[in-house]
Amino acid sequence: MKFQYLGTAAAEGWPAPFCQCSNCKNARIMRGKNLRSRPQVLINDDLLMDYGPDTFYHSIHYGLELDLVKTVLLTHSHSDHFYPLQLILRAAPYAYNLRAQTLCLYGNEKCRSMYEELLVHPEAPTELKNYIDFKTVSAFSPFYTGQYQIMPLKAMHDPRENCLLYAITDNYGKAVFYGNDTGSICEETWATISSMHFNLVSLDCTMGTNASCSSHLNLEKCSQIREKMLADGCADSSTIFIITHFSHGCCPLHNELSAAAKQHGFLAAYDGLSITI
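Position one of the sequence shown corresponds to residue 5 (this note's numbering), numbered consecutively onward.
Since the hints were made in silico from the structure, they are not lab data.
Be a bit skeptical, because a hint or two may be false.
[Claimed, not checked] Here are the computed lysine-lysine pairs in the DSSO-like style, where the Cα-Cα straight-line distance is at most 27 Å:
1. 158 to 74
2. 178 to 232
3. 37 to 139
4. 158 to 232
5. 133 to 114
6. 74 to 29
Computed from a prediction, not measured in an experiment: that's the story for all the values here.
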């Protein structure tokens, strides 16, 4: 399984477009791994985690052929994770000769209502519904899509909707835990994943070295989750632990963040980081 981080910032990106804080000003100067787009992951070439506002940029920056993507797993409806208007481009007169005829979105009820609004948008092609489908999913109700078994899990992020985390297992038995956005791992989620084993764990670390909050993790909480996963047996010494979803207001620039992450047994993700498990 190939797991590629396309974007690793929080909602505002890094540097945030209107911000003049030292972290944003220094990122504009230093560039490189300090430049972060909004969060998205590509698994192999056929599954996307979230569909945010930087998807077009990701496609040209990484040379992606997004018509191959068959599945999008949506974590929640916030605009950095689901920006549905871009999906009008997945049908004629904007797209032709798609190799994967139908793209299926999986997400919660709020995301479904946004999808239904998309279908009747004035700019939406009349045939769009034939090219994009939506299936509503709930935490702890597993399903299959293509070569993957998916277990949606309960996130602790926005109480106004049923936010989701995901455990994803391919047909070779490789498994990843996709843990953002969330401010903690609830008991129901711990109970569900305790019998699983993950080759890769990706965690929300929006708050970085600052104090955590109810909707996002920091490095200290990520470290506690890592230790519990190791103790419970759903991870071991071969498991790759990675932090992502960084806010410029809470996290240092990449080199300092990477050094802090390493002390806790994590890699700090950057845009373009690709891991094969």
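Evaluation of the provided hints:
Proposed proximity of residue 158 and residue 74 is supported: the alpha carbons are some 24 Å apart, at most 27 Å. Straight-line distance between C-alpha atoms of residue 178 and residue 232 comes to about 20 Å, which keeps the hinted pair within the 27 Å bound. Between residue 37 and residue 139, the direct Cα distance comes to roughly 35 Å. Violation of the 27 Å bound is thereby established for this hinted pair. Between residue 158 and residue 232 the alpha-carbon distance is near 17 Å, which keeps this suggested pair within the 27 Å criterion.
Taken as a hint, the residue 133 and residue 114 pair is honoured in the structure, with Cα atoms around 18 Å apart against an allowance of 27 Å. The straight-line distance between the Cα atoms of residue 74 and residue 29 is roughly 38 Å, outside the 27 Å bound, and the hint therefore fails.
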